[in-house]
Amino acid sequence: MDTEPRPEPTPVAVNRDHSPWNWLLLIPIVVPLLTVLFNADSPRLFGFPRFYWLQLAFILLGVGTTTLVYQMTRRR
Amino acid sequence: MWRDHLTEIIIFAVLFLGVSAMGFVAARWRRPDDMAHLDEWGLGGRSFGGWITWFLVGGDLYTAYTFVAVPALLFGAGAAGFFAVPYTVIIYPLFFLVLIRLWSVSHRHGFVTPADFVRTRFGSPTMALLVAITGIVATMPYIALQLVGIEAVLKTMGLTGSGVLARHAPIIIAFAILAAYTYQSGLRAPALIAFVKDTLIYLVILVAIIYLPYKLGGWSGIFEAADKKFDASASATDGILLNANNQLQYITLALGSALALFLYPHSVTGVLASRNRDVIKRNMSALPAYSLLLGLIALLGYMAIAAGIKPLPGNAAGSTDSNTVVPLLFDAKFPDWFAGIAFAAIGIGALVPAAIMSIAAANLFTRNIYKEYLRRDATPAQEASVSKVASLVVKIGAVACIVFLDPQFSIDLQLIGGVIILQTLPSVALGLYTRWLHRGGLVAGWIAGMGLGMWMLYQIPNAATKRLHFGGSAFPLSKFGFDTPKTIYVGLVAVVVNLVVAIVVTAILRAGKVPDGVDGTQPDDYFADEGDPRITPTPPEEAYAEPAPRV
Numbered sequence: 001m002d003t004e005p006r007p008e009p010t011p012v013a014v015n016r017d018h019s020p021w022n023w024l025l026l027i028p029i030v031v032p033l034l035t036v037l038f039n040a041d042s043p044r045l046f047g048f049p050r051f052y053w054l055q056l057a058f059i060l061l062g063v064g065t066t067t068l069v070y071q072m073t074r075r076r
Numbered sequence: 001m002w003r004d005h006l007t008e009i010i011i012f013a014v015l016f017l018g019v020s021a022m023g024f025v026a027a028r029w030r031r032p033d034d035m036a037h038l039d040e041w042g043l044g045g046r047s048f049g050g051w052i053t054w055f056l057v058g059g060d061l062y063t064a065y066t067f068v069a070v071p072a073l074l075f076g077a078g079a080a081g082f083f084a085v086p087y088t089v090i091i092y093p094l095f096f097l098v099l100i101r102l103w104s105v106s107h108r109h110g111f112v113t114p115a116d117f118v119r120t121r122f123g124s125p126t127m128a129l130l131v132a133i134t135g136i137v138a139t140m141p142y143i144a145l146q147l148v149g150i151e152a153v154l155k156t157m158g159l160t161g162s163g164v165l166a167r168h169a170p171i172i173i174a175f176a177i178l179a180a181y182t183y184q185s186g187l188r189a190p191a192l193i194a195f196v197k198d199t200l201i202y203l204v205i206l207v208a209i210i211y212l213p214y215k216l217g218g219w220s221g222i223f224e225a226a227d228k229k230f231d232a233s234a235s236a237t238d239g240i241l242l243n244a245n246n247q248l249q250y251i252t253l254a255l256g257s258a259l260a261l262f263l264y265p266h267s268v269t270g271v272l273a274s275r276n277r278d279v280i281k282r283n284m285s286a287l288p289a290y291s292l293l294l295g296l297i298a299l300l301g302y303m304a305i306a307a308g309i310k311p312l313p314g315n316a317a318g319s320t321d322s323n324t325v326v327p328l329l330f331d332a333k334f335p336d337w338f339a340g341i342a343f344a345a346i347g348i349g350a351l352v353p354a355a356i357m358s359i360a361a362a363n364l365f366t367r368n369i370y371k372e373y374l375r376r377d378a379t380p381a382q383e384a385s386v387s388k389v390a391s392l393v394v395k396i397g398a399v400a401c402i403v404f405l406d407p408q409f410s411i412d413l414q415l416i417g418g419v420i421i422l423q424t425l426p427s428v429a430l431g432l433y434t435r436w437l438h439r440g441g442l443v444a445g446w447i448a449g450m451g452l453g454m455w456m457l458y459q460i461p462n463a464a465t466k467r468l469h470f471g472g473s474a475f476p477l478s479k480f481g482f483d484t485p486k487t488i489y490v491g492l493v494a495v496v497v498n499l500v501v502a503i504v505v506t507a508i509l510r511a512g513k514v515p516d517g518v519d520g521t522q523p524d525d526y527f528a529d530e531g532d533p534r535i536t537p538t539p540p541e542e543a544y545a546e547p548a549p550r551v
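Line order of the protein sequences matches chains Y and S.
1 is the number of the first residue of the first sequence in this note's numbering; add one for each residue after it.
1 is the number of the first residue of the second sequence in this note's numbering; add one for each residue after it.
Calculated directly from the structure, the hints in this document are not laboratory data.
Don't take each hint at face value.
[What the hints assert, rightly or not] Away from chain Y, derived, C-beta distances all over 10 Å, residues of chain S:
1) THR7
2) ALA79
3) LEU129
4) ALA169
5) LEU200
6) ALA332
7) TRP337
8) ALA400
9) GLY481
10) GLY520
[Said to hold, decoys possible] Under 7 Å between C-beta atoms, here's a sample of chain S residues computed to sit facing chain Y:
11) VAL89
12) ILE90
13) ASN276
Values in this document were obtained by computation on a predicted structure and should not be read as measured data.
Idealized CB from N, CA, C, for every residue including glycine.
Model the full structure from these sequences, guided by the hints.
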């Protein structure tokens with residue numbers, strides 16, 4: 001079996017890991033670490049200080065970004 | 001006094017025994033042709049689809065200890081404890097980028113542990129051994145901490161005897177049951193139990209975050225009560241917002257914990273058990289549902305403040321066990337039957353990660369110590385049986401930690417565990433991207449990072465518990481000679497130093513033409529997927545010609 005030459009990977013396969021869309025994933029890695037954005041009390045939302053509701057909202061940012069990148073980089 | 005909690009105890013026991021039965025039955029679930037193979041016992045046949053992976057990895061990463069300790073942190077220190085939320089936001093993009101490559105290369109080469117990868121990638125059994133030992137040492141106290149989670153619940157139900165053995169009898173029984181079904185069913189047991197555990201936890205938390213604010217005067221009232229408590233306390237570092245001095249600690253702890261989490265052997269085990277790349281990628285969008293859950297659970301700490309909960313006394317005289325605040329809150333505010341369900345959720349929640357962690361540690365021992373150094377010609381069946389026995393040993397070790405040592409010691413060890421597991425980042429995570437680092441450089445970096453990390457942890461005192469050493473993970477920058485009261489997370493500093501040393505030593509070794517190991521991987525291994533022609537017996541042309549299923 002090893003005597004057979006390895007099949008050349010298709011170009012699609014090679015590029016799959018190197019999509020420029022992957023750079024978008026830096027957003028949900030960096031934004032949750034910027035304390036200036038959320039370390040404040042006002043404005044409040046449903047009684048939650050900004051510190052709490054904004055950081056919970058970053059979860060949605062993460063979901064949105066990974067979903068977008070997944071859809072854009074999946075094998076067609 | 002346990003008689004007052006009889007309803008809770010009965011519901012807890014029934015649910016606990018129910019899932020234990022599931023654990024034994026799990027061996028028959030998705031039954032393979034041959035269970036006597038490490039891929040089957042230790043990775044569930046590498047066959048889990050989207051839903052199972054979601055429950056398994058969710059049940060794996062968000063442990064019972066997290067559910068008990070994070071609210072306890074908010075209860076005690078306020079905003080600083082909320083780092084768990086950014087931490088669990090950051091991990092998913094990281095998983096998406098990095099672990100997907102680990103899955104592919106492991107799928108292609110049949111790796112079971114991160115150390116397997118390091119061995120093949122860098123041609124270095126030494127570095128692989130270091131990664132394996134680091135993984136085992138970091139995982140053991142983590143398993144012990146799951147017991148702390150169960151213990152907090154048992155204590156609240158009044159199940160605390162006097163004397164070492166009487167106090168720990170319920171936990172020893174629980175872990176014996178867990179050990180037995182993990183031995184029999186392997187990774188299939190926690191995968192099946194995770195369905196029950198997570199359903200219970202989602203149910204309990206949804207009810208709690210609707211019902212409790214209504215009882216405690218709304219969310220504004222809850223935050224107000226917390227604010228008042230922190231204003232009145234003597235400590236300068238607590239409060240419902242961060243202050244100028246703990247922001248650096250907050251972000252370095254969130255980032256460092258995220259980096260550590262995907263290096264932990266049990267996370268890798270959960271990910272490697274999935275069927276293909278698509279399952280993992282889709283899960284990175286779905287798993288943050290658990291982060292939302294965790295964020296809400298964290299706020300239970302403030303609800304406990306608003307409800308005037310006083311934590312139960314700890315093991316040492318005069319101390320308090322703040323891990324009991326969430327169980328106490330449920331005990332005080334909910335009817336007994338519902339508190340019983342909540343306690344069962346926490347108790348069962350401890351079993352899933354404990355099982356996966358012990359399997360991961362056992363796999364490390366089997367693949368990277370037993371097969372590498374003791375028995376090179378071990379068959380897959382022998383590997384599986386060694387791993388099964390090793391998983392028992394690991395659990396006995398964890399129970400011994402709790403029974404014979406102060407639980408505080410396990411918490412310290414877990415703190416150290418996060419710092420030391422980070423030291424495998426250059427070989428495991430960067431290794432997935434680049435082969436530039438020399439194996440000698442990796443070993444040197446590991447030693448440097450490990451040494452510095454331990455030294456820094458040793459230097460940290462804890463004012464609250466009056467301990468001089470290992471008092472936390474927030475290192476005062478003033479000890480480095482900076483004129484500032486700011487603190488920073490030890491693990492991140494240690495891993496940066498680790499990297500710098502690895503790079504410098506690599507440059508020196510390359511200049512000196514010191515022989516480097518052989519890289520056993522190919523660039524295209526890192527995006528191999530299910531049905532890759534080099535793994536399956538299918539002829540290559542046919543496999544490539546087959547169109548990918550459209551979803």
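Against the structure, the hints come out as follows:
no.: 1; hint: THR7; result: holds (33 Å)
no.: 2; hint: ALA79; result: violated (6 Å)
no.: 3; hint: LEU129; result: holds (29 Å)
no.: 4; hint: ALA169; result: holds (40 Å)
no.: 5; hint: LEU200; result: holds (22 Å)
no.: 6; hint: ALA332; result: holds (22 Å)
no.: 7; hint: TRP337; result: holds (29 Å)
no.: 8; hint: ALA400; result: holds (38 Å)
no.: 9; hint: GLY481; result: holds (25 Å)
no.: 10; hint: GLY520; result: holds (14 Å)
no.: 11; hint: VAL89; result: holds (5 Å)
no.: 12; hint: ILE90; result: holds (5 Å)
no.: 13; hint: ASN276; result: violated (11 Å)
In this structure, the earlier hints numbered 2 and 13 are contradicted, and the remaining ones agree with it.
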